[in-house]
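Engineer: So you can see what is in the structure, the chains are spelled out below.
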Amino acid sequence: DAKTTQPNSMESNEEEPVHLPCNHSTISGTDYIHWYRQLPSQGPEYVIHGLTSNVNNRMASLAIAEDRKSSTLILHRATLRDAAVYYCIPESLYNFNKFYFGSGTKLNVKP
Amino acid sequence: ETGVTQSPTHLIKTRGQQVTLRCSSQSGHNTVSWYQQALGQGPQFIFQYYREEENGRGNFPPRFSGLQFPNYSSELNVNALELDDSALYLCASSPTGVGSYNSPLHFGNGTRLTVT
Numbered sequence: 157d158a159k160t161t162q163p164n165s166m167e168s169n170e171e172e173p174v175h176l177p178c179n180h181s182t183i184s185g186t187d188y189i190h191w192y193r194q195l196p197s198q199g200p201e202y203v204i205h206g207l208t209s210n211v212n213n214r215m216a217s218l219a220i221a222e223d224r225k226s227s228t229l230i231l232h233r234a235t236l237r238d239a240a241v242y243y244c245i246p247e248s249l250y251n252f253n254k255f256y257f258g259s260g261t262k263l264n265v266k267p
Numbered sequence: 073e074t075g076v077t078q079s080p081t082h083l084i085k086t087r088g089q090q091v092t093l094r095c096s097s098q099s100g101h102n103t104v105s106w107y108q109q110a111l112g113q114g115p116q117f118i119f120q121y122y123r124e125e126e127n128g129r130g131n132f133p134p135r136f137s138g139l140q141f142p143n144y145s146s147e148l149n150v151n152a153l154e155l156d157d158s159a160l161y162l163c164a165s166s167p168t169g170v171g172s173y174n175s176p177l178h179f180g181n182g183t184r185l186t187v188t
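Chain order of the listed sequences is B and X.
Position one of the first sequence corresponds to residue 157 (this note's numbering), numbered consecutively onward.
Position one of the second sequence corresponds to residue 73 (this note's numbering), numbered consecutively onward.
Derived from the structure by calculation, the hints contain no laboratory data.
Backbone N, C-alpha and C fix where the C-beta goes; we use that ideal spot for every residue, glycine too.
Just to be clear, a hint being listed does not mean it is correct.
[Unchecked claim] Label-pair distances were calculated between CB atoms; the ranges are:
| id | chain 1 | residue 1 | chain 2 | residue 2 | range |
| --- | --- | --- | --- | --- | --- |
| 1 | B | P177 | X | G128 | 26 to 32 Å |
| 2 | X | T186 | B | T235 | 39 to 45 Å |
| 3 | X | F141 | B | N210 | 37 to 43 Å |
| 4 | B | N212 | X | S79 | 20 to 26 Å |
| 5 | X | S79 | B | G185 | 27 to 33 Å |
| 6 | X | L139 | B | E222 | 41 to 47 Å |
[Claimed, not checked] Far from chain X, by Cβ distances over 10 Å, these chain B residues were calculated:
| id | residue |
| --- | --- |
| 7 | K159 |
| 8 | E167 |
| 9 | N210 |
| 10 | T228 |
| 11 | A234 |
Let's have the full structure, built from the sequences with the hints guiding it.
Structural biologist: Listed below in structure tokens is the structure:
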């Protein structure tokens with residue numbers, strides 16, 4: 157399974173955009189890239205996922221590099237509620253629905 | 073729709089004892105997975121069940137076992153508890169099964185197990 161590298165922590169100001177990077181250089185051509193976040197005292201929560209092209213939903217946008225070795229989760233206007241640990245997870249076709257989490261990025265949002 | 077619920081929310085056990093944790097998946101979700109999350113770390117995949125059979129296991133010993141029932145509920149059993157088993161145990165369900173993928177997982181809020 158592909159390994160990921162994320163910054164341990166990042167900080168943002170409220171109502172400003174946040175770009176959370178993830179490197180996944182060993183990803184295979186059929187691996188989807190998932191992003192989950194975990195608020196304090198809660199289980200992980202699905203944010204967004206994609207394969208090759210950029211994706212948007214009501215929560216965030218996902219920008220995937222052309223070579224697919226990295227991706228960026230974009231929160232367009234951070235709120236205090238977005239303070240969480242964000243995990244980037246490649247999902248293998250041969251191990252689908254079995255997610256191997258790394259340590260994630262802890263996002264702190266300042267008012 | 074109802075979410076994924078887990079019980080109990082907290083539990084304290086003694087080393088060597090056995091424990092059963094329970095999970096109720098969303099209706100229609102025929103795949104359930106269990107994860108262990110130690111303090112300050114990301115969740116680690118324990119195993120997955122699909123239609124009441126084990127469908128993949130992470131790097132966990134056989135004293136970690138599970139059951140899945142037709143009513144979308146499931147159990148995680150841990151025998152001979154060790155101090156290092158202290159963690160948050162998360163249950164996740166999804167509507168997919170063998171033959172498809174990239175469906176989001178729906179997690180419960182976990183059971184906090186403390187082994188003393």
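Engineer: Does each hint hold? Answer for all of them.
Structural biologist: Results for each hint:
Between B:P177 and X:G128 the beta carbon distance is about 29 Å. The supplied range of 26 to 32 Å therefore holds. Between X:T186 and B:T235 the beta carbon distance is about 33 Å. The supplied range of 39 to 45 Å is therefore violated. A C-beta distance of roughly 41 Å is found between X:F141 and B:N210, which places it inside the suggested range of 37 to 43 Å. For the hinted restraint 20 to 26 Å between B:N212 and X:S79, the CB-CB distance of approximately 37 Å leaves it violated.
Our hint of 27 to 33 Å for X:S79 and B:G185 is violated, since their Cβ atoms are close to 41 Å apart. Here the CB-CB span from X:L139 to B:E222 is close to 45 Å, well matched to the stated 41 to 47 Å. Non-interface call for B:K159 relative to chain X: holds, since the shortest CB-CB distance, roughly 12 Å, exceeds 10 Å. At roughly 19 Å, the least C-beta separation between B:E167 and chain X is larger than 10 Å, which holds for a residue marked as non-interface.
Remark: the non-interface label on B:N210 is consistent with the geometry, its nearest Cβ contact in chain X lying 16 Å away (cut-off 10 Å). Separation of B:T228 from chain X is adequate, the least Cβ-Cβ distance of about 19 Å exceeding the 10 Å criterion. Distance check for B:A234 against chain X: the nearest CB is about 22 Å away, which clears 10 Å, and the non-interface claim stands.
In summary, the numbered hints that this structure violates are 2, 4 and 5.
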